[in-house]
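Q: Take a look at the letters that make up each chain.
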Amino acid sequence: MKMRKMMMGLAMLALAATGALTGCQKTTGNVELTFLNGKAEVVDWIDAKIKEFEAANPTIKITQEFDKDASSALKTKINGGDIPDITSVYENSLVNGGYYYDMSSFSAWNRVSSSVKELCTDPLTNKQYRLATNKTTAGLFYNKDIFTACGIAAEPATWADFIADVAKIKAQNYIPLYMGGSETWMLGHLMEFWGHGIIKENLGNVAANLAFINNDQTKLNFTGTGSAIKTFATRFLELKDAGCWNSDFVTASYDDQIENFATGKAAMFSQGMWALSKVTAKNPTMASKIGFMPYPSMDESKAPKAVVLSDVDSGYSVMKATKHATEAEKFLNFLWNVDNQKAYCELVSAPSAFTDVDANWSVIKDTVATALSKGFNIGFTSTPSGFGGGECGALIQGLYIGDYTADTFTTKYASDWNAAYNANK
Amino acid sequence: MTLTKAREKGNWLLNNLHKGMIWPAFLLFLAFVLLPLVFSVGFSFTSWNGLGKADWVGFDNFAVFFQDDRARNAVLNSLLFAGCSVPLLNFLGLGYALLLDKNSTLNKIVKAIVYVPAVISPLIMGYVWLLILKDNYGVLYSLFSLFGNGDAYVNLLGDKNWAMAVIIVVNAFQYVGLTMTIYSAGLQDIPSELYESASVDGANWFQKFTHITIPMLGPSIMINIITNIIGSLAVFDLVVSLTGGGPAYHTETLSLYIYRLAYGGRSGYASAVSVMMFFLIAIPVGISYYIMRKSNLYLNEEK
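So the protein lines, in turn, are chains Y and G. Position one of the first sequence corresponds to residue 1 (the numbering used here), numbered consecutively onward. Position one of the second sequence corresponds to residue 1001 (the numbering used here), numbered consecutively onward.
One or more hints might be untrue.
For lysine-lysine, the following DSSO-like pairs were computed, each having C-alpha atoms within a straight-line distance of at most 27 Å [to be verified]: (1) Y:Lys39 with Y:Lys412; (2) Y:Lys51 with Y:Lys39; (3) Y:Lys127 with G:Lys1160; (4) Y:Lys61 with Y:Lys39; (5) Y:Lys144 with Y:Lys39; (6) Y:Lys127 with Y:Lys144; (7) Y:Lys265 with Y:Lys144; (8) Y:Lys170 with Y:Lys77; (9) G:Lys1053 with Y:Lys240; (10) Y:Lys330 with Y:Lys342; (11) Y:Lys342 with Y:Lys240; (12) G:Lys1005 with G:Lys1019; (13) Y:Lys77 with G:Lys1053; (14) Y:Lys49 with Y:Lys323; (15) Y:Lys323 with G:Lys1294; (16) Y:Lys265 with Y:Lys68; (17) Y:Lys425 with G:Lys1053; (18) Y:Lys61 with Y:Lys77; (19) Y:Lys412 with G:Lys1005; (20) G:Lys1019 with Y:Lys320; (21) Y:Lys374 with Y:Lys412.
These are computed hints drawn from the structure, not numbers from a lab. Bear in mind that the values here come from a model prediction, so they are computed numbers and not experimental data.
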């Protein structure tokens, strides 16, 4: 009995001590931040940086939460009241809902290039709710050896040149332009870069962005004479008839695309810089053979230049619900310091948005610079929620398998876009 | 406390323990089924975008549903899938059960092999079949190439006329074991005296099958048909892994459409489509139940 009482006493003492220690910990002012990240390729790098930051700042603890579908995860968390402090997710619907912290006063903007700052600025409020650390570029990667073998001496400058080159490549039994069309976001990119590129070039990036956000059909002109959507559909079918695409267009994946290009079966593929490291990892000898060019414009009526995507990548946003904005900025400033950003650029093969970071980010760094100077630089499209790249890609699948003609595709595209826009008004 | 009272208390606890044990299950049911169901019905009358407050729109979402081409396409795809899957699963399941009815070691092994796919996640099953059927890379394509005719291989998953058929076959491959097991259990319950009496009366195999086996399998038929209808109309994982609803929405089912709507900023409308899906499932289930009760199936019920 005496023994039992003694044990009870000891247990109580241990509990009290634990409670006191826990209390002490709370009074030291420790701050816990969560970072919701959707970029799989940088999870380990960020974890390593968190350790370094915590070692230097013992009162701040950061937890990285990775979710492949971080956008859905963030919305679920917002509804559940479990809002992270920092996130890599940036969506117009969340900007409009007022969920982001105004980062306009962050000191890091002094180091960011003016073009990236402009792309990070919300056109409706003129404030910055994210800071992107990198620029990204998308266009047509091509195999220089295949081009030479097919007698193509220079990159195609016009649509007619492009079609002629496709025929030459096809004649040599290569796949001219490989598309992993089962992953519809890639087809959505075709429209975003090639189809919407016509609108962006005609209106200019800022005006086009506003027109897309406000669904200003007087400017977007989805269905009228000279519709960019119809031009895209017509050109797409022209490419199909020319045997441009791989036979498994609707079932091939992103990995198949990389595989076919890296193994020299496909002459070209449409992607962003993010795909480059996968190609060279698959076949290191490809590094010296890779060329990169803008998309030849599908609309030759106004003799425009080719278009190439040049937008921001790796954005960080602080959520408005955070109680630790100062600590969040401190952590982000650590991530954004020159040394860390140099390493990050080389990890993700993307040029830095910071003017003081000079990274050797890609084996085709100079080729990309040439492509950017040759083509009209466009940004991503602000699509209405519910009609993003995936939905557009499914329509393009339909165009490929014969569900639509160029005319019916145009009508369907405009109607689905408008329905999604109206549903989110 | 007297010994009698203590015993009475102990008996009361034992007699009522089961009532307490229902609570964990009930709370889980409440949290993960009943409340979401109620919320879903509530949200179906709003324009909720998945974030923030939900504005009341009355029956607007339901009006939109009846004009929504993609919803109509998803309903037709779901009905096509269920319309083919339910009979296929039941014919195959019953066939296997009858063939493997004898209690031999070989039959037990075959039954286990047929049942194994049912315990694999449908998502994994879909990806495995994708590896078999994929054009240019799949096992079947490689076999065609091996025999020198890779170009003759038809890309079934990329063909709008074949893609749904592939999903139906893979679904049957996965779940036929489950259907077979229920029929096998039903066959075990049929008294052998019935067959012996029928034999004495001169009944042939077909007469015994139609007049004894089928009526006596009534409960198994009912369980299989109703669960197959519910499962088939709500199919999701196999479609996601095999075709992702493509090509061009030709295999997009209602559950996949709801998922995409919910995470595409149209959660209110997604809830309305979910309510419509509830009726889409409840109506055929109700009709099947009614037909089976009116039939001469032996359902262990007093008629």
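Q: Against each hint, give a clear statement of whether it holds in the structure.
A: Results of checking the hints against the structure:
| no. | hint | result |
| --- | --- | --- |
| 1 | Y:Lys39 with Y:Lys412 | violated, 33 Å |
| 2 | Y:Lys51 with Y:Lys39 | holds, 18 Å |
| 3 | Y:Lys127 with G:Lys1160 | violated, 47 Å |
| 4 | Y:Lys61 with Y:Lys39 | holds, 21 Å |
| 5 | Y:Lys144 with Y:Lys39 | violated, 31 Å |
| 6 | Y:Lys127 with Y:Lys144 | violated, 43 Å |
| 7 | Y:Lys265 with Y:Lys144 | holds, 13 Å |
| 8 | Y:Lys170 with Y:Lys77 | violated, 50 Å |
| 9 | G:Lys1053 with Y:Lys240 | violated, 46 Å |
| 10 | Y:Lys330 with Y:Lys342 | holds, 19 Å |
| 11 | Y:Lys342 with Y:Lys240 | violated, 42 Å |
| 12 | G:Lys1005 with G:Lys1019 | holds, 22 Å |
| 13 | Y:Lys77 with G:Lys1053 | holds, 15 Å |
| 14 | Y:Lys49 with Y:Lys323 | holds, 22 Å |
| 15 | Y:Lys323 with G:Lys1294 | violated, 65 Å |
| 16 | Y:Lys265 with Y:Lys68 | violated, 30 Å |
| 17 | Y:Lys425 with G:Lys1053 | holds, 14 Å |
| 18 | Y:Lys61 with Y:Lys77 | holds, 20 Å |
| 19 | Y:Lys412 with G:Lys1005 | violated, 79 Å |
| 20 | G:Lys1019 with Y:Lys320 | violated, 47 Å |
| 21 | Y:Lys374 with Y:Lys412 | violated, 34 Å |
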